[in-house]
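Let's have the full structure, built from the sequences with the hints guiding it.
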Amino acid sequence: MKFTTVVAAFLSMAAFGIAAPTPIAEDVVERANHGMCVSGSAGEVTQIAC
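Numbering-wise, the sequence shown is residues -19 to -1, 1 to 31 according to mature numbering (1 follows the signal peptide of the UniProt record, and there is no 0).
What the hints contain is simulated information worked out from the structure, not anything from laboratory work. Don't take every hint at face value.
[To be verified] What follows is a list of derived Cβ distance ranges for each label pair:
#	residue 1	residue 2	range
1	30	4	28 to 36 Å
2	1	29	35 to 43 Å
3	21	-3	34 to 42 Å
4	18	-5	56 to 64 Å
5	3	23	55 to 63 Å
All C-beta atoms in this analysis are idealised placements derived from N, C-alpha and C, irrespective of residue type, glycine included.
What follows is the structure, given as structure tokens:
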């Protein structure tokens, strides 16, 4: 294969990989927004107002 053919194939695969939607599992979405804001200082975690 020519170098340009290899590069073109690689770029098209990369573009397809970037364009493909990645579904997020519902349990991950639920855990992502836990509704608590925290701040850390000197090894202590403190809840703060959001």
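Unmet hints by their number, sorted upward, for this structure: Structure breaks hints 4, 5.
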